[in-house]
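Let the sequences and hints guide you as you build the complete structure.
For the sequence shown, the numbering used here begins at 4 and goes up steadily by one.
One thing to keep in mind: the hints can contain errors.
Unchecked claim - What follows is a set of in silico ranges between Cβ atoms, one per label pair, in the way DEER data are often shown:
| no. | residue 1 | residue 2 | range |
| --- | --- | --- | --- |
| 1 | E6 | D98 | 37 to 45 Å |
| 2 | R84 | T7 | 20 to 28 Å |
| 3 | A13 | R84 | 17 to 25 Å |
| 4 | E31 | D10 | 30 to 38 Å |
| 5 | E99 | F126 | 14 to 22 Å |
| 6 | S63 | F101 | 45 to 53 Å |
| 7 | S21 | Q94 | 14 to 22 Å |
| 8 | D10 | T76 | 37 to 45 Å |
| 9 | T140 | I107 | 37 to 45 Å |
| 10 | I112 | S40 | 22 to 30 Å |
| 11 | D10 | K71 | 39 to 47 Å |
| 12 | I95 | S40 | 32 to 40 Å |
| 13 | E85 | T127 | 35 to 43 Å |
| 14 | V77 | R114 | 15 to 23 Å |
Since the hints were derived computationally from the structure, they do not count as laboratory data. C-beta atoms are modelled at their ideal positions from N, C-alpha and C, and glycine is treated no differently.
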Amino acid sequence: LAETPGDAAAGKELARASCMICHRMLGEGTAIGPDLSGAGAMGTEALLRNILTPNIQLESGYYRHDIKLRDGTVLSGFLSRENETSLTLRQIGADERFIQKSDIETHDISRTSLMPEGLIDSFTDAQISNLFSYLKTLR
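Written out as structure tokens, the structure reads:
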């Protein structure tokens, strides 16, 4: 299906609705996960592998940080900045969150992605073809 020609314009709309929540593409979207502006250069097999099993080749900059604050607040996201006294967490659907290390009760780092496995399992065959037709234009 990823190799079946599809409608790239329809694929772009699907990417806007489902991928750009966390990824930037050609200046659009949110910078939670990697920028996909050059995704087409990866090739179909690599694209498919990264979408279906995002934990296989996860870069350390995208490890999930689960933080529980002393006030009971639980946060999850990617570490965007850190120094001796504070850190900044990028959360899905939220702005970056500045956190004083003295406010942290627990901080666990997981080598798993915030991107769920099998994200396109609910897509129709046509949607998969359309999405890949669009992603392959990004070079």
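* Violated hints, by number in ascending order, as checked against the structure -> 2, 3, 4, 5, 6, 12
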